[in-house]
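> Sequence:
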Amino acid sequence: MKSVVEAGPVFIVGRLFVVRRWTEEVERLRNRVNTMPVWANLYNLPKTLWTKKGISFVASVIGHPLFSDSTTFKKERLEYAQVCIEVPCDH
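Using the working numbering, the first residue of the sequence shown is number 159, and each one after it goes up by one.
Don't read these hints as lab results, they were simulated from the structure. Don't take each hint at face value.
To be verified - Computed cross-link-like contacts, PhoX-like style, restricted to lysine-lysine with a CA-CA straight-line distance of at most 25 Å:
1) Lys205 / Lys232
2) Lys211 / Lys232
3) Lys210 / Lys232
4) Lys233 / Lys211
5) Lys233 / Lys210
6) Lys233 / Lys205
What the hints assert, rightly or not - Computed spacing ranges between beta-carbons, pair by pair:
7) Lys205 / Thr181: 19 to 27 Å
8) Leu236 / Glu182: 17 to 25 Å
9) Ile170 / Arg235: 19 to 27 Å
10) Leu236 / Arg186: 43 to 51 Å
11) Phe215 / Glu237: 26 to 34 Å
12) Glu182 / Arg235: 38 to 46 Å
13) Thr229 / Val176: 18 to 26 Å
14) Asn202 / Val245: 32 to 40 Å
Every residue, glycine too, gets a C-beta built ideally from N, C-alpha and C.
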């Protein structure tokens, strides 16, 4: 079973919750958000890239890939891959 920290961002009652490991900088940075997880739909992926590594490779152009939805993971919908990506938002 994954720990809460390893599981990544979660939505609870429509609200985004991001849990990170505590460090001494937490108090100093707690009101500052540097990144945000967003869902991206990746269309027209070649079959050779329809793997965890391939989808992560394509998603890394946008930001840091976190995870795919279960439909993408199980290859139940091949029209597009849906992936959650952590993107910078400090600009």
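> Are the hints correct? Go through all of them and say.
Verification of the hints:
no. : hint                        : in the structure
1   : Lys205 / Lys232             : holds (14 Å)
2   : Lys211 / Lys232             : holds (14 Å)
3   : Lys210 / Lys232             : holds (11 Å)
4   : Lys233 / Lys211             : holds (14 Å)
5   : Lys233 / Lys210             : holds (11 Å)
6   : Lys233 / Lys205             : holds (11 Å)
7   : Lys205 / Thr181: 19 to 27 Å : violated (42 Å)
8   : Leu236 / Glu182: 17 to 25 Å : violated (46 Å)
9   : Ile170 / Arg235: 19 to 27 Å : holds (25 Å)
10  : Leu236 / Arg186: 43 to 51 Å : holds (45 Å)
11  : Phe215 / Glu237: 26 to 34 Å : violated (19 Å)
12  : Glu182 / Arg235: 38 to 46 Å : holds (43 Å)
13  : Thr229 / Val176: 18 to 26 Å : holds (23 Å)
14  : Asn202 / Val245: 32 to 40 Å : violated (21 Å)
Checked against the numbered hints above, the structure violates hints 7, 8, 11, 14; every other hint is satisfied.
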